[in-house]
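Student: Residue-level listing of the chains:
Number of protein chains: 2
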Amino acid sequence: MKKVRIVGSGLVGTSIGLALAGHNHGVEMADIDAPRAALAQKLVGIAPPGKAELTIFAIPTSSLEQVIDNEYQLNPKSTFIDIASTKTKSNLLVATVAGLSQRFCGTHPMAGREIGGPESARADLFQGRPWIYTPTPATAEDVIEEVLWLIATVGGQAFLMDAQAHDQAVALVSHLPQIGASLVAHLLQGAKPEFLALAGQGLRDTTRIAGSDALMWSEIISDNKTYILPLLLELNDHITGLIATIDEKQEVQKFIEGGNKGRQAIPGKHGGVVRSYHFLPIVIEDKPGQLAALFHECAEAKVNIEDLSIEHSPGQFTGLITLALSHNDASILASHLSSRGWSVHEVRK
Amino acid sequence: MKKVRIVGSGLVGTSIGLALAGHNHGVEMADIDAPRAALAQKLVGIAPPGKAELTIFAIPTSSLEQVIDNEYQLNPKSTFIDIASTKTKSNLLVATVAGLSQRFCGTHPMAGREIGGPESARADLFQGRPWIYTPTPATAEDVIEEVLWLIATVGGQAFLMDAQAHDQAVALVSHLPQIGASLVAHLLQGAKPEFLALAGQGLRDTTRIAGSDALMWSEIISDNKTYILPLLLELNDHITGLIATIDEKQEVQKFIEGGNKGRQAIPGKHGGVVRSYHFLPIVIEDKPGQLAALFHECAEAKVNIEDLSIEHSPGQFTGLITLALSHNDASILASHLSSRGWSVHEVRK
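Line order of the protein sequences matches chains A and B.
Using the numbering used here, the first residue of the first sequence is number 1, and each one after it goes up by one.
Using the numbering used here, the first residue of the second sequence is number 1, and each one after it goes up by one.
Careful: at least some of the hints might be erroneous.
Identical chains share a label here; the pair holds if one copy fits it or two copies do between them.
[Unchecked claim] In silico DSS-like cross-links for lysine-lysine, where the CA-CA straight-line distance does not exceed 27 angstroms: (1) K192 x K42; (2) K3 x K77; (3) K254 x K3; (4) K192 x K261; (5) K249 x K2; (6) K261 x K2; (7) K254 x K2; (8) K261 x K249; (9) K261 x K225; (10) K261 x K302; (11) K192 x K2; (12) K2 x K51; (13) K192 x K225; (14) K254 x K51; (15) K51 x K3; (16) K249 x K225; (17) K249 x K302; (18) K192 x K254; (19) K77 x K261; (20) K77 x K51.
Hints listed in this document are in silico derivations from the structure and should not be mistaken for laboratory results.
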């Protein structure tokens, strides 16, 4: 049994606590907000006495600055890690505390929820999710081992990266889409309700993450401005270019084609190449049990659903569900469903 | 039985043909590409002889210009409609043909697929989808009746709008998210594969529609530049503003908050206010039948799934499925699933 001290009792900190407690490790929850720490502690169980072997900073980098000295003095033999979304800044902060660099390793679990707080924490939050760790040349071997132990224990998947490469990568795959979604959503403010009533899945998907926490994101964007700024300048160039050439159909086409290519570059499920699925659209009535009944049929037909999406129409109680399956399974399921009277579109190719 | 002539045998034209043929109406398919028209005709059945009572232009506005005179001379007593994504331009074209304005009504079915061609057509494409119609003061009463008959027959939901209001609305809810998604995806071109391997659901959702057809979109954007340009200038202002204030955390926070507000303005399912769902996360093994087995349990528990999403982790064969249910159904399902050994997070609030 290990003793772990978690500084920061928000969603991520408490979720790590729950996951470790689930494996019978002793967890001590701390927070600048005492009632919050008390709630988190209640969720993860009783904190054992003694010094912590591992200290996890589950707080924003701006708060790390305020507690780092104190925590190192409290447990000088502990291993220290943080879980903030940017990594070069925490390394800089750690380097200001003599002796700490050897005992520290930055990490970033790529998991979260659209809601925060210890009450939203989940022991399974990291299950199967990538968890990046970014040691510096100063980081001791046993510290890295401790990090790998933690990631494995909570069910995450460890990825080794350089801190700079990490920050550059997340600027592109995480911070850029956040800014893009917020940009589009910005323009919806004050729009006529009858315009917004026509919103389809495209608008919903493009702006889903625009609902994210503003305080947290203002910190992430400021922390990572080194890598975000060049992307913003590039965005700016593309918009300026589109404005200038909106009368030239060929230029507009090139712009959309560039987006096609970028989209194709995103790896598919399991981080591999995009698999070729067959998409089977089924119209269902939006009444209790329809979706369950549909999947009951899928179970009977013994097919494997790779992915699915649901579309709803405004003001009408029908929905279109699109299932992604292998071509073979799609044929099997299409015949099965049709024979049972479901409104399924026949497989043509 | 009505005779309908459909000029344009692509996805939308052929889908209208299939839906009408399914209700025993006579459909004549036409296209500038003869083999394409022949395939579409084969799919919808044999064209009856005689004049068409209704002519549907299922072609881009640039092609409308080339055929409109000829079609009016062919069937001067017919009703004419088009289905292009922008409406002011088709009205302008129609006004150039003497006598046609009375017989014409622009329409826009808000339905489509990520793939095109008659072979992808579906009789149920318009089922439950909004279908906007934009008559002008010149449009005759019986023409509007014919439009409403068509929309009802193919299962769509008719929305009356002014052509300008339509074009302004779709610039915001359809063309802007397309441009936003293409912009973000643009920057992914040439990115390091190890960066893109970290892509999560946020990037995938934000760029999903960036895969759309470039030729079709270059036409839509050019046609609707009157309403798209002001939005692009606004986008540009926001990016310039963000670049200038990236060092001021409060300004960045305001930017993200603006996106929060815009996102909240999008109406939820059924065009009403966003319902309050409970989100139930379940970790499943990614092996055949897991999803089907899960929904089999949902059917047994007699709960109604309102929405769902699937998340996959790179390189690992587990997935997180999040079900949206009423709070009551979520409690029922959580207990049911837990008792059957599923990895479900307990309902806490």
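Student: Are the hints correct? Go through all of them and say.
Tutor: The hints, checked one at a time:
no. : hint        : result
1   : K192 x K42  : neither (47 angstroms within a copy, 44 angstroms between copies)
2   : K3 x K77    : within (13 angstroms within a copy, 85 angstroms between copies)
3   : K254 x K3   : neither (57 angstroms within a copy, 40 angstroms between copies)
4   : K192 x K261 : between (34 angstroms within a copy, 14 angstroms between copies)
5   : K249 x K2   : neither (64 angstroms within a copy, 38 angstroms between copies)
6   : K261 x K2   : neither (48 angstroms within a copy, 44 angstroms between copies)
7   : K254 x K2   : neither (57 angstroms within a copy, 42 angstroms between copies)
8   : K261 x K249 : within (18 angstroms within a copy, 34 angstroms between copies)
9   : K261 x K225 : both (26 angstroms within a copy, 24 angstroms between copies)
10  : K261 x K302 : neither (35 angstroms within a copy, 44 angstroms between copies)
11  : K192 x K2   : neither (57 angstroms within a copy, 38 angstroms between copies)
12  : K2 x K51    : within (10 angstroms within a copy, 84 angstroms between copies)
13  : K192 x K225 : between (34 angstroms within a copy, 20 angstroms between copies)
14  : K254 x K51  : neither (61 angstroms within a copy, 42 angstroms between copies)
15  : K51 x K3    : within (7 angstroms within a copy, 85 angstroms between copies)
16  : K249 x K225 : between (35 angstroms within a copy, 11 angstroms between copies)
17  : K249 x K302 : neither (48 angstroms within a copy, 53 angstroms between copies)
18  : K192 x K254 : between (32 angstroms within a copy, 22 angstroms between copies)
19  : K77 x K261  : neither (50 angstroms within a copy, 47 angstroms between copies)
20  : K77 x K51   : within (9 angstroms within a copy, 90 angstroms between copies)
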